[in-house]
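Build the full structure now, drawing on both the sequences and the hints.
Protein chains in written order, with the working numbering: chain A, 7 to 316; chain B, 322 to 677.
Rather than coming from a laboratory, the hints here were simulated on the basis of the structure. Keep in mind that this is a model prediction, so the values were computed, not measured. Treat each hint with caution, since some may be false.
[Unchecked claim] Residues from chain A shown here face chain B by an in silico Cβ test under 10 Å; the list is partial: (1) Cys61; (2) Lys230; (3) Asp264.
Here a beta-carbon is modelled for each residue, glycine too, at the ideal position from N, C-alpha and C.
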Amino acid sequence: MEKIKIGLPKALLYYKYKDLWTKFFENLGCDIIVSPNTTRETLENGKKFVLDEACLSVKIFMGHVFYLLGQCDYILIPRIACLKKKEKVCTNFMALFDLCRNTFDQKFLPYNIDVKKNETEEYAFIGMGLQLGFSFKKARWAYWDAKSYEEMIQERRIEKQKLELAKNTPSIKILLAGHPYNLYDNLLGKEIIAYLEKEGIDIFYSDCYDPKYLEIDYKKIAPKNYYTYNKEIIGSISFYKNFVDGIILITTFPCGPDSLSNEMIIRNVQKPLLTLLMDELNSDTGLVTRLESFLDILKLKKEREEEVHE
Amino acid sequence: MNKKIISFPHLGSYSVPIEFLLTHITPHEVLIAPKITNKTLELGAKYAPDTVCIPFKYNLGNYIEALELGANVLFQAGGGCRYGYYSEVQEKILKDLGYTFEFYSLVDVDRFKVSYMYKTFKKLNPHLSFFKFFYYLVLTVLMVFYMDRLDSLIRKNIGFEIEHGLHQEVKKDFLRDFKKTKGFFHLHRMFRMYKKKILRIPIKKPENCLKVGIIGELYTAMEPFSTYFLEMELAKMNIEVKRFTDVTYLLFLKALRRRKMLRDISKYCTYTLGADGMDNVWRTWYLAKNHYDGIIHTKPFGCTPEIGAIPIIDKVAHDEKIPIIYFSFDTQTSEVGVKTRLEAFYDMILAQKGAQ
Numbered sequence: 007m008e009k010i011k012i013g014l015p016k017a018l019l020y021y022k023y024k025d026l027w028t029k030f031f032e033n034l035g036c037d038i039i040v041s042p043n044t045t046r047e048t049l050e051n052g053k054k055f056v057l058d059e060a061c062l063s064v065k066i067f068m069g070h071v072f073y074l075l076g077q078c079d080y081i082l083i084p085r086i087a088c089l090k091k092k093e094k095v096c097t098n099f100m101a102l103f104d105l106c107r108n109t110f111d112q113k114f115l116p117y118n119i120d121v122k123k124n125e126t127e128e129y130a131f132i133g134m135g136l137q138l139g140f141s142f143k144k145a146r147w148a149y150w151d152a153k154s155y156e157e158m159i160q161e162r163r164i165e166k167q168k169l170e171l172a173k174n175t176p177s178i179k180i181l182l183a184g185h186p187y188n189l190y191d192n193l194l195g196k197e198i199i200a201y202l203e204k205e206g207i208d209i210f211y212s213d214c215y216d217p218k219y220l221e222i223d224y225k226k227i228a229p230k231n232y233y234t235y236n237k238e239i240i241g242s243i244s245f246y247k248n249f250v251d252g253i254i255l256i257t258t259f260p261c262g263p264d265s266l267s268n269e270m271i272i273r274n275v276q277k278p279l280l281t282l283l284m285d286e287l288n289s290d291t292g293l294v295t296r297l298e299s300f301l302d303i304l305k306l307k308k309e310r311e312e313e314v315h316e
Numbered sequence: 322m323n324k325k326i327i328s329f330p331h332l333g334s335y336s337v338p339i340e341f342l343l344t345h346i347t348p349h350e351v352l353i354a355p356k357i358t359n360k361t362l363e364l365g366a367k368y369a370p371d372t373v374c375i376p377f378k379y380n381l382g383n384y385i386e387a388l389e390l391g392a393n394v395l396f397q398a399g400g401g402c403r404y405g406y407y408s409e410v411q412e413k414i415l416k417d418l419g420y421t422f423e424f425y426s427l428v429d430v431d432r433f434k435v436s437y438m439y440k441t442f443k444k445l446n447p448h449l450s451f452f453k454f455f456y457y458l459v460l461t462v463l464m465v466f467y468m469d470r471l472d473s474l475i476r477k478n479i480g481f482e483i484e485h486g487l488h489q490e491v492k493k494d495f496l497r498d499f500k501k502t503k504g505f506f507h508l509h510r511m512f513r514m515y516k517k518k519i520l521r522i523p524i525k526k527p528e529n530c531l532k533v534g535i536i537g538e539l540y541t542a543m544e545p546f547s548t549y550f551l552e553m554e555l556a557k558m559n560i561e562v563k564r565f566t567d568v569t570y571l572l573f574l575k576a577l578r579r580r581k582m583l584r585d586i587s588k589y590c591t592y593t594l595g596a597d598g599m600d601n602v603w604r605t606w607y608l609a610k611n612h613y614d615g616i617i618h619t620k621p622f623g624c625t626p627e628i629g630a631i632p633i634i635d636k637v638a639h640d641e642k643i644p645i646i647y648f649s650f651d652t653q654t655s656e657v658g659v660k661t662r663l664e665a666f667y668d669m670i671l672a673q674k675g676a677q
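Given below as structure tokens:
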């Protein structure tokens, strides 16, 4: 039997669930095709298929889906409505599957998570395995194995960041806060990370954060927030803010949940904070200038603090 | 102790039932925020985050104007999109501006729960019994239901009235009388009287008049100022208007019809799209099947659920061959621009009707 080819668009939730997805499909013995890194061309392609008002991350996502068309049997697009009780996610994650199904002529593979209606992640993944023609037992094993693998990887990343935090080097420490799909995207966050690394700055990422403390942490900044992914960002900011010198918030234009959550962060966090609103017409020079001046402020502040200590 | 004065943001003419409910179950004074003007929007836009949608700015402007007049207890509702998170951010912004007030949210994460509402009102009025609260809540909901019925009747006929302004007068009258509701029978009698009154207004309606459906996001659909009185403009052009979104729909029909709607449009939607997204896809399909002449879609700039739904709506409209026009409202939207596009749309559907 020929192997089933699954396409994974390298955008949006890929950055959050890539370990889970790749391991799950490897366990089932499927071929995986991942679209290449985002370029200007990806964005230009994606722009054609959605409204001009859609957020930048969605446009990039459509570009990746466009690249994968015709190369694989299925393209995986999760549909996520509710990950925990009394919580929600951005409505784009609810609509993307139907949006792609109506726009492109291609088979798409959905899995639906809606905890409010008792459709959990396990249920969804096993359903996906059954849809691909595997047995219930195999799908369940593949999910459990992938899940434990994902947890292990995430734990390792958190440990690594904790160790780095404990080193207490004299260089400036900055927390990069934002959705993983913006932080690690080749077009959006990579440039910022590259620049900061060149300047010799210790970078911490908001997604390497132990969710153990989430319920206590996020309430310090925005107690009524119910966006699952934004809660994690807020929690990590609340956790890391005492250890870092400054925070950089990365947002795409016009992100729905971020527009309100960021307002709460800006108003409630007493730390040097830079909000970078990324849109299609961003210029690299403008970005670097803003980062440069932000770093200068942090350096001056640190020097002054040291003088006071002496 | 200071005297408590309650206020809340505007939404169409729904301030009447809300005022009725608040005056009967709390002993405090109720202050209706000043009518929405351009100044309201300016005030709201000044203090709101940049990329937030326009209802947030209108609501914030309403709050500021009410607070300036002396209100010190504010209410906010919530919905399926970021509307549910408005309350906390608005409270924070207003507190940072230096106002002192109490802030209550009626909705607990998207769920409209009677017990949660009762707990909220209990804080304002410790002597409130559940029976009294429930009695007035049901009466208010019934009032909203009757208001929506009368409104949809008016919407059908207002474009064809012979003497200009009669429908508006009746609307003013029933809003004034509904405030003085004494009980269920009184309310029902008033409803029947006004229904007769509306039907008795002389109209001149041709058999094959132009029919247009308004779909889209809930705030722009229900608050006439936010769309620069779009429905009035349509009435001037002698068009019959069908609008789906009203509070009755949001409270009951939405949940009741969800499965039927998903079944009807299973070709386009497998799942709900968040907030009113899937509903709007179904409405497009419904309007096309019922031989309407055109569809007008309104939304605030950056409304995430509608952005996800519009490409699907586009496809349905394309498949069913029905003209559709999209309006996106922001602080910078010009009234003249909207009117020009609307006139062009009117000419287009008129020409299409004539060609058939």
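Verification of the hints:
Interface hint status for A/Cys61: upheld, as the beta-carbon distance to the closest one in chain B is roughly 8 Å, under 10 Å. Restraint check, A/Lys230 versus chain B: the minimum CB separation of about 4 Å is within 10 Å; hint holds. About 8 Å separates the beta-carbon of A/Asp264 from the nearest beta-carbon of chain B, less than 10 Å, and the hint is met.
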